[in-house]
Amino acid sequence: EPEVTQTPSHQVTQMGQEVILRCVPISNHLYFYWYRQILGQKVEFLVSFYNNEISEKSEIFDDQFSVERPDGSNFTLKIRSTKLEDSAMYFCASRTDRWGNQPQHFGDGTRLSIL
Amino acid sequence: ILNVEQSPQSLHVQEGDSTNFTCSFPSSNFYALHWYRWETAKSPEALFVMTLNGDEKKKGQISATLNTKEGYSYLYIKGSQPEDSATYLCAFHNNAGNMLTFGGGTRLMVKP
Numbered sequence: 343e344p345e346v347t348q349t350p351s352h353q354v355t356q357m358g359q360e361v362i363l364r365c366v367p368i369s370n371h372l373y374f375y376w377y378r379q380i381l382g383q384k385v386e387f388l389v390s391f392y393n394n395e396i397s398e399k400s401e402i403f404d405d406q407f408s409v410e411r412p413d414g415s416n417f418t419l420k421i422r423s424t425k426l427e428d429s430a431m432y433f434c435a436s437r438t439d440r441w442g443n444q445p446q447h448f449g450d451g452t453r454l455s456i457l
Numbered sequence: 826i827l828n829v830e831q832s833p834q835s836l837h838v839q840e841g842d843s844t845n846f847t848c849s850f851p852s853s854n855f856y857a858l859h860w861y862r863w864e865t866a867k868s869p870e871a872l873f874v875m876t877l878n879g880d881e882k883k884k885g886q887i888s889a890t891l892n893t894k895e896g897y898s899y900l901y902i903k904g905s906q907p908e909d910s911a912t913y914l915c916a917f918h919n920n921a922g923n924m925l926t927f928g929g930g931t932r933l934m935v936k937p
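As you go down the protein sequences, you meet chains A and B in turn.
Using the working numbering, you'd call the opening residue of the first sequence number 343 and step up by one each time.
Using the working numbering, you'd call the opening residue of the second sequence number 826 and step up by one each time.
Just so you know, the hints here were simulated from the structure itself, not pulled from any lab data.
The C-beta atom is built at its ideal place from N, Cα and C for all residues, glycine as well.
What you were told as hints is all true, and nothing was included just to trick you.
EDC-like cross-link-like pairs, simulated, lysine to aspartate or glutamate; straight-line CA separation at most 16 Å:
no., chain 1, residue 1, chain 2, residue 2
1, B, Lys867, A, Glu345
2, A, Lys420, A, Glu410
3, A, Lys420, A, Asp404
4, A, Lys384, A, Glu427
5, A, Lys420, A, Glu395
6, B, Lys867, A, Asp450
7, A, Lys384, B, Glu830
8, B, Lys867, B, Asp909
9, A, Lys425, A, Asp404
Distance ranges between label pairs, derived from CB positions:
no., chain 1, residue 1, chain 2, residue 2, range
10, A, Met357, B, Pro937, 43 to 49 Å
11, B, Asn828, A, Arg440, 20 to 26 Å
12, B, Glu864, A, Ser423, 31 to 37 Å
13, B, Val838, A, Leu426, 36 to 42 Å
14, B, Val838, A, Ser369, 36 to 42 Å
15, B, Gln834, A, Ser397, 31 to 37 Å
16, B, Ser910, A, Glu410, 36 to 42 Å
17, A, Asp439, B, Glu870, 16 to 22 Å
18, A, Ser369, B, Lys936, 37 to 43 Å
19, A, Ile362, B, Asn828, 29 to 35 Å
20, B, Asn878, A, Ile362, 39 to 45 Å
21, B, Glu870, A, Arg440, 19 to 25 Å
With the hints as extra help, turn the sequences into a complete structure.
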């Protein structure tokens, strides 16, 4: 069964550095998402992406964050000038369409640790 | 801010026990309610997407019901097995966007 893949599985970075988290969504999916879960908290929505542009974003997704689909397969989340509070598990998800009864399919996540 | 709550937070049962947990969500602007099963170090696995009031869905020994008027969904596991041990997440999809708002999850531990 096709799956969403994320790399790396764990990223350790110094505060203030930039990180790029990578995702390969399922190939025929059109909608792409990033979520995060800070330890002990709920999974939170960050951003959704369709047709090469952001379709929706949360308050968390400020100017520090950006997303890109640089080619036909990868979907990346960039965090500029990381802060300690960016430490979390980041999940990528994809879906065939916006509506309907299809689920979002999630990757295994990238654990980001900011030192 | 959308509020999605799950109870209980955690549950310990014996193998063979049946169990159920609750997800409550806003009763307005409803589009769909998603249930996921999430094992440690793996990706959340979709169980059900429920869209209609009164919906009942079943997958093996797991089933779910939906009440959109009062804003709750129940997930039932009949005859729990140790391999059912996982965190069960519900997520609310409103009709104004395509993001999911997650509950805090119910962590189920089934003892052999």
